[in-house]
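A.B. asks: My request is simple: use the sequences and hints to build the entire structure.
The lines below spell out each chain.
Number of protein chains: 2
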Amino acid sequence: MLLAAAALMTERNTIDVPVADVAARAGLNAALVNYYFRTKTGLHIALVRRDAAQSVAEMQRLLATDLPPAEKMRRHLTGIIRTFYRCPYLYRLMRALMRDADSKAARELSEFFSRPVVETQKAIIAEGVATGAFRPIDPMMFHLCAIGACDHLFAESSTLRYTFGVTEIDQDLCNRYAETAVDILMNGFLAKSA
Amino acid sequence: MLLAAAALMTERNTIDVPVADVAARAGLNAALVNYYFRTKTGLHIALVRRDAAQSVAEMQRLLATDLPPAEKMRRHLTGIIRTFYRCPYLYRLMRALMRDADSKAARELSEFFSRPVVETQKAIIAEGVATGAFRPIDPMMFHLCAIGACDHLFAESSTLRYTFGVTEIDQDLCNRYAETAVDILMNGFLAKSA
Numbered sequence: 004m005l006l007a008a009a010a011l012m013t014e015r016n017t018i019d020v021p022v023a024d025v026a027a028r029a030g031l032n033a034a035l036v037n038y039y040f041r042t043k044t045g046l047h048i049a050l051v052r053r054d055a056a057q058s059v060a061e062m063q064r065l066l067a068t069d070l071p072p073a074e075k076m077r078r079h080l081t082g083i084i085r086t087f088y089r090c091p092y093l094y095r096l097m098r099a100l101m102r103d104a105d106s107k108a109a110r111e112l113s114e115f116f117s118r119p120v121v122e123t124q125k126a127i128i129a130e131g132v133a134t135g136a137f138r139p140i141d142p143m144m145f146h147l148c149a150i151g152a153c154d155h156l157f158a159e160s161s162t163l164r165y166t167f168g169v170t171e172i173d174q175d176l177c178n179r180y181a182e183t184a185v186d187i188l189m190n191g192f193l194a195k196s197a
Numbered sequence: 004m005l006l007a008a009a010a011l012m013t014e015r016n017t018i019d020v021p022v023a024d025v026a027a028r029a030g031l032n033a034a035l036v037n038y039y040f041r042t043k044t045g046l047h048i049a050l051v052r053r054d055a056a057q058s059v060a061e062m063q064r065l066l067a068t069d070l071p072p073a074e075k076m077r078r079h080l081t082g083i084i085r086t087f088y089r090c091p092y093l094y095r096l097m098r099a100l101m102r103d104a105d106s107k108a109a110r111e112l113s114e115f116f117s118r119p120v121v122e123t124q125k126a127i128i129a130e131g132v133a134t135g136a137f138r139p140i141d142p143m144m145f146h147l148c149a150i151g152a153c154d155h156l157f158a159e160s161s162t163l164r165y166t167f168g169v170t171e172i173d174q175d176l177c178n179r180y181a182e183t184a185v186d187i188l189m190n191g192f193l194a195k196s197a
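If you read the protein sequences in the order shown, they are chains S and G. Using my numbering, read the first sequence as starting at 4 and increasing by one per residue. Using my numbering, read the second sequence as starting at 4 and increasing by one per residue.
Think of the hints as simulated: they come from the structure by calculation, not from any bench. Cβ atoms here follow ideal geometry from the backbone N, Cα and C, with glycine treated the same way. Be aware that one or more of the hints could be misleading.
[What the hints assert, rightly or not] Cβ-Cβ distance ranges computed for the label pairs, FRET-style:
1) S:Tyr39 <-> G:Ala129: 51 to 57 Å
2) S:Leu6 <-> G:Asn16: 35 to 41 Å
3) S:Gln174 <-> G:Ala49: 48 to 54 Å
4) G:Leu31 <-> S:Asn32: 31 to 37 Å
5) S:Ser106 <-> G:Leu35: 33 to 39 Å
6) G:Asp103 <-> S:Thr13: 17 to 23 Å
[Unchecked claim] Partner residues are not named here, just some residues of chain G that face chain S (Cβ under 8 Å, in silico):
7) Ala10
8) Ala109
9) Phe167
C.D. replies: Right, dumping it as structure tokens:
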């Protein structure tokens, strides 16, 4: 069912996919969707939860490696951008679920997605500061800047279209964006001599 | 009328302010709102246009100064964050207007707000690369990263609340965020020796 929802959202390039269509694609009765997820929001949260679980597992594997902290952070940030590219519905789904910051959905999403991301970044920052690779940095400030820079390629579709003439985010653009964004966050853009 | 709309949105901390209330605050007949702006969206676009005009004028003054490019960019980025703080409705209004990238509102907003910001950044980058102060950087990539990092303090209210326990963005937080975000974008967070 979640696979069907993800596939339809990706194909149609919208998160606004009727529950009946999801059920049909999954070859199941629409009543079952209601049985398992209760509401469309329930289905959406379950989908984000599935994607989050995969990302959190990846982050934990990364944290457990022996890579130097700078390389860990580089891979972590690149992974965030790739995740948004791989699951094109994910950014819009999260925005829609978190639109009302007081909602139960927003609280849940913060718990099972944002918190593990923040904890991973905190751990890598602590390692990096301990080894002298990173300047000391407030993890909250870092989190906001990093996520903002990582997700903004997916947030600015009208600027992309009307100001830059870009109508589609393809693999190549995603890769170049990941490279530049991670480079700016880690190195800034001042010339080394400045 | 626009002053009244801005004041009410700021006071109530929501962009969902009835046209009738705006008219009442401005001491005008609600029919006049319809006469001048036709729709609520029309009122919203006019409000963003007013704030944009102010920001664009500030950017042009900044561009015309003799400051070194790095200092110009620092002030430009800080200015973006301060604008979102000073007009707390602005971020949400722009999001709402740009939600549908095909809409007339999204196209207009890209023209009168995003384009001047992009042009300003392009000009400062060109100056900075010419003087050797900046590494060469793609203006589109830079724009997306920079705006993403600058606006994300205002985008993540549920993460702020549930993960960091921050329920309100005050002047002090805004200042510290501006300092850190601008510092990361310009210098990155790697230790200089790394």
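A.B. asks: Could you see if the CB distance from S:Gln174 to G:Ala49 stays within 48 to 54 Å?
C.D. replies: 40 Å, violated
A.B. asks: Within 35 to 41 Å or not, the Cβ separation of S:Leu6 and G:Asn16?
C.D. replies: 40 Å, holds
A.B. asks: Note whether the CB distance of S:Ser106 and G:Leu35 lies within 33 to 39 Å or breaks it.
C.D. replies: Since the Cβ atoms of S:Ser106 and G:Leu35 sit about 36 Å apart, the hinted range of 33 to 39 Å holds.
A.B. asks: How about G:Phe167: closest beta carbon in chain S under 8 Å, or not?
C.D. replies: Constraint on G:Phe167 satisfied, holds at 5 Å.
A.B. asks: For the hint on G:Ala10, just tell me whether its beta-carbon gets within less than 8 Å of chain S.
C.D. replies: 22 Å, violated
A.B. asks: Against the range 51 to 57 Å, how does the distance between the Cβ atoms of S:Tyr39 and G:Ala129 compare: consistent or not?
C.D. replies: 56 Å, holds
A.B. asks: With respect to the beta-carbon atoms only, verify the hint that G:Asp103 and S:Thr13 lie 17 to 23 Å apart.
C.D. replies: 19 Å, holds
A.B. asks: Should the interface hint for G:Ala109 be scored as holding, given a Cβ-Cβ cut-off of 8 Å against chain S?
C.D. replies: 4 Å, holds
A.B. asks: Could you check the hint for me, namely that G:Leu31 and S:Asn32 are 31 to 37 Å apart, CB to CB?
C.D. replies: 55 Å, violated
Taken one by one, the earlier hints fail for this structure at numbers 3, 4, 7, listed in ascending order.
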